[in-house]
Amino acid sequence: MLAYIVRRLLYAIPILIGVNLITFALFFVVNSPDDMARMQLGVKRVTPEAIDKWKMERGYDKPLLWNAKAAGIDQATETIFFRKSARMFAFDFGRADDGRDIAREIRGRMAPSLAVALPVFALGLFAAVSFALLLVYFRASYLDFAGVVLCVAMMSVSGLFYIIGGQWLVSKIWHLVPISGYAGGLDTAKFIVLPVIISVVGGIGSSTRWYRTLFLEEISKDYVRTARAKGLSERAVLFGHVLRNALIPILTGVVVLIPLLFMGSLLIESFFGIPGLGSYTIDAINAQDFAVVRAMVFIGSLLYIVGLLLTDISYTLVDPRVRLQ
Amino acid sequence: MSSLLTVRDLSVAIGAANPVDGVSFDIAAGETFSLLGESGCGKSMTALALMRLLPAAARTAGGEVAFGGRSLMALPESEMRTLRGGGMAMIFQEPGTSLNPVMTVGKQIGEAIALHGGKVSAVDLLDAVGIPDAARRASEYPFQLSGGMKQRAMIAMALAGAPELLIADEPTTALDVTIQAQVLDLLRELQRSRGMAMLLISHDLGVVSRMADHVGVMYAGQLVEVAPRDRFFAEAAHPYSRALFAALPDAARRGGELASIPGSVPPLDTRFTGCRFADRCAEVVPACREAPPPWRELGEGHRARCIRIGEEKSALATRQEKPEKPGTDHVSSAFAPLLSVTDLAVHFPIRRGVLQRVVGHVRAVDGVSLELAAGRTLALVGESGCGKTTAGKAILHLIPPTAGSVRLDGRPLAGLAARDMQMVFQDPFGSLNPRLRIGDIIAEGMRALAIAGNHAARIGELLGQVGLAAEMAGRWPHEFSGGQRQRIAVARALAVNPRLLVLDEPTSALDVSVQAQILNLLRELQGRLGLAYLFITHNIAVVDYLAHEVAVMYLGRIVERGTAADVLRAPRHPYTQALLSAVPRIEADGTERVVLAGDMPSPANPPSGCHFHPRCPHAAEACRLDYPREVAVSPTHRVRCVLVAAVATGGPD
Amino acid sequence: MKPVLLWSDALLFLLLALVFAGGWWSRRQAHLRDAWQKVGAGGTAMAAATVLAAFLVVGVLDSVHYRERLPDAGNEPGKGPVAYSNEVLSALDALLLPLKTRTEKTYSAPLATHLFAKESLDGEGRDFPRLKHGGAHLGAALDGHDGDVAARVVIGFGIGVALWLPLWLFARWRKFGGSGTAIRAVLGTALVLLLIAGPVASLAAGYHVLGTDKVGQDVLYLTLKSIRTGLLIGTLTTLIMLPAAVLLGILAGYVGGWVDDLIQYLYTVLNSIPGVLLIAAAVLMMQVIIDTHPDWFATAAARADARLLALCLILGVTSWTGLARLLRGETLKLREMDYVQAARAFGVGRLAIMLRHILPNLMHIVLIALVMDFSGLVLAEAVLSYVGIGVDPNTISFGAMINAARMELAREPMVWWSLAAAFAFMFALVLAANLFADAVRDAFDPRAVK
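Chains as they are written, first to last, in this note's numbering: chain G, 1 to 325; chain C, 1 to 653; chain Y, 1 to 450.
It is possible that part of the hints are untrue.
[To be verified] Calculated pairs, DSSO-like style, for lysine-lysine (alpha carbon to alpha carbon, straight line, at most 30 Å):
#, chain 1, residue 1, chain 2, residue 2
1, Y, K132, Y, K105
2, G, K172, Y, K105
3, G, K172, Y, K118
4, G, K221, Y, K333
5, Y, K214, G, K172
6, Y, K214, Y, K100
7, G, K69, G, K53
8, Y, K2, Y, K100
9, C, K107, G, K221
10, Y, K38, G, K221
11, Y, K132, Y, K118
12, Y, K132, Y, K100
13, Y, K38, Y, K175
Since the hints were made in silico from the structure, they are not lab data.
Quick caveat, the model's predicted, so the values are computed rather than measured.
Bound conformation, chain G alone (with noise of 0.2 Å):
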């Protein structure tokens, strides 16, 4: 097993240089810094002397990849790809547009995110493993199919109804908690708990419909047949042999999403003023600061697969078949 790890840990590498390299191609070669500068100050009546002025500024006048005028190692790294891709595997990204340290920047906004996604995803994970456990006791039921209806029918709502909505009736009609905004220590939780709920209503038609569908397809499995045969009772069944079983596709499947719960999530911090890594990055994108998306890009993947990582790990903690093989 530890052999495993090793493996996938070492396959890790190549997929980083990989983003790694599709990020310095996307933001370098398909346009040309010059490009960037153009379209950054205006396109029309711009010098080139403010070009070369703002390449200069955020450190865009090296060649690419290789740079003949220096000398040394200097050829290698006195070039945009070293100093604005590879560096990024010591987590130095540079600074933002306004001059700000990305690195620091980020630190000091995984808390916020991880005060609002942290709890999304725990609470969300239990509401709909309770509902879809819910409609699979009472399945091929009027509730159970009350329930899928439900479910489609709130899949079938934007993200951004939900937010808008909860927004108007919360904060705006019952004034029970403020619309938007951050507080850290205790004041945190009247900030969040709009959030939080938010989300999970919000992801809950899908994710409660998805788990059935796992319930039922291992309900009718044989290993289920002989445990009523036993005499064990439905619900005995249900939580001592299904539930167990059906967990292994459903943990492995969110494994992987808990390190990106760190990134945030964007839309619900943009609508709620919560200074995170989500509305980092649509701020970002907002202002087009290019070296906080590549950096948040990074970030990303390394968190992926990280997730990946730890995907490979609970498959070993949670199936035998996995463990002892």
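Knowing the structure of chain G, use the given hints to seat chains C and Y on it.
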């Protein structure tokens, strides 16, 4: 004798269809009642209805079931639960999927013990069903157990509630024949010591003969005959029962035609007016189709549902037992062999570690040599996992051989010899592409090999050859039954005029009546086209009926080969002897049975010396050292066993 | 008038042609015919299909583009170069010309006769100004407003029923539904749709049925125009990614070895970049390209269209991995099937096996992916456009509508109608798509759990 279980007019409905329709029988305490029938006749549904475990789509549509005097149909679910696993327990066909994969075996058994207030422990029960090292096994997961052990664990679980009735639904069908013998012996032994009654569901006349006290034959949802075992096997009355007997292949019917039952079991939603078997019955008269036949008492608890019982001796009975054609079996292989395989090996690498280095090999096929002449059938016999299918595919070069040579007409093959050798596969449902019409399926080989000629006409001719109508070329695979699909698969292989067919268990997925049709077809085609067959199978009866020569495989190697008479009548290798004696037969021949202990070892890590020695009843010290050389006991008969070498007069070849 | 074929139009028509060809072909394939009949027998599925068809009609009408010929300025008619308007119009625009042109100054509520906000009027203090078009036919006497609305609704119902009757008679005459098709669900849904469309149409002739937005555009017009964007994103994305996903999935599964390793590496890399960020990065880059090459596009519509297609392409790149992985897994199972082995025993080549034996047995997965992805993509468009990395700001879409409307939620009283309209139309579209997709999956997937 008062009965423990009484079933009266039990019916099960799935929508408008009735897979079980008015079934009545009794089981006395301590006795075994066997429900016999082909697939889809409603046996399993009957058992599930007794346990009230029918699938969601099905429901009990009527009838009465009394167990120990209590009516089961009226029982509240909570009381039914105490009865399930307590009063009556059930084991299923597929031990591989019937255990919870993520729970230890001990815990699963413990669950049943806790439910029914037993005093025993899971380890005791595992011990009682003959699992060695029970304490360790109890803490293992199902995937760590072999198929036979899983079925033993299932039995242990069923015993947890000390049931008075054990329902066993095809308990050994998924197991190899030597393991089947172990499990059947175990069931018998447990039944005797605990005084359990047993409802044994099986399609295998041999198993039924070995186990049953009473037999009930089911057809299309109804019982058609009920009789005590001895009477049933001596004088079965219903034409269907007799047809089942007649369709069984064995040595006595060699060279002759098997009495197959035309057609196949009718689909569930068929509406019947008269006798359900009428359309396939050889003795049908118009009156059969008018009304459902009433039960007819034949004395001593023997009754059957046929209006023609007692009339003149039927055609079926007189048609049996054609004399063996002289000469067919005694053609010596003086001809140059069509196919000759030398030291064929297929090794699959096992990769481990960070860098996925090859740390060993699964020796699926490990030095197989055989010869096959035109017009002859060589049966490659062995249990699952012995490498026989891999050997077949490697001969065709569908799997690249690791070593050894395959010669056709003396010329070595380097790749496919598609024009000369073709294959027919086991699963009739997996062997035809569901997205192609029958005509396209058959034409595939002709197109691929650019065979000239009128393909459409040839397809019609081929369909005719395998007993189907030429118009069927335009139809889709799903419109055909398993037997018909297997005919189509044969036609596809024949389309390129091969000289040799590799038949990989071509009848093992089929019912016995349909199996007979396919065997007849194969025999007839061989006579007409002079085909050579490499017949891969585990079914000894089929081998006995069809094969000229037999090679027995164990763990990647051929341990014994010779003519059918050599190997099947005078087996010399202990494994062959055990294999033959494990086959349940209808006629109890009184000979001592050899029951092998344990399971087949893994081909990734075969035992030293003779691969068979850990299970061999005659193993000696020498067996552990080297793999035995091949010894000729007669010009046609070769064995690889140290014991045989000691007594053989002829030297090695 | 000069017809204009935008790239997205061409692809949409190609898709429609493929659907029709596929439908015609599948009539002769027993398994496909059976599966479609199963879909057709479901009431919910057919009702959903009817709603989708209505949306599709709007979308297709909006995809027939042309440029108006400008009146010859100064020259004699027939002489001089013919000039065309820079504005690309569609058949839908032509139908909805009154809606398109009758813009107000700013917000007005549904069916209103006055603007939503007070303005200072000439010498008469501050009041709600009268609308230029909404209810203009009423003149100064506004007492007739309610009566007029009621009358128009009744007339609208009449129109709806009148349009529905021929449909009903046609269905009876041709005896549709004889083969188990749930024709009653189709007719019922059609009736409901026409009973909504009739009054809306008759009201729209005199009012802004769904109000107007910030710059006074009719919201009903905007909503109808948004449909095409949603449909295109939902279908073209899958269409664009399909060839790659199918090809790579099958290759990885069937060929195996280093090809498999490479393809798996490729999709793990693409998968590991968070989707939104990849889309954001790609869209930003695409915008730079489009902005720095204004000469590539003849009209603003062509530029917006390029961005729409780019978005489809990028969405496709981020979503093909799931399907490819699914197809790879299924191919791994299929290659061990006996019929594939049988084909190999005949020496049939790899390519032929993949085309004859693997691909046809994967088509149901492709079809299911196509219909299942649709609704998710429509929803994704709204979110992406909201974030600012969706369609071109000039393209009318649900996301753009929501984005524009949400700023006004804080207003007192609230401007709710843009949101409500976008919500209702999106919900109808996505719900219908979800229900239809479920029916298709149940009919085509052999393993579907009911």
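(message) So, against the hints stated earlier in the document, which numbers end up violated here?
(response) none
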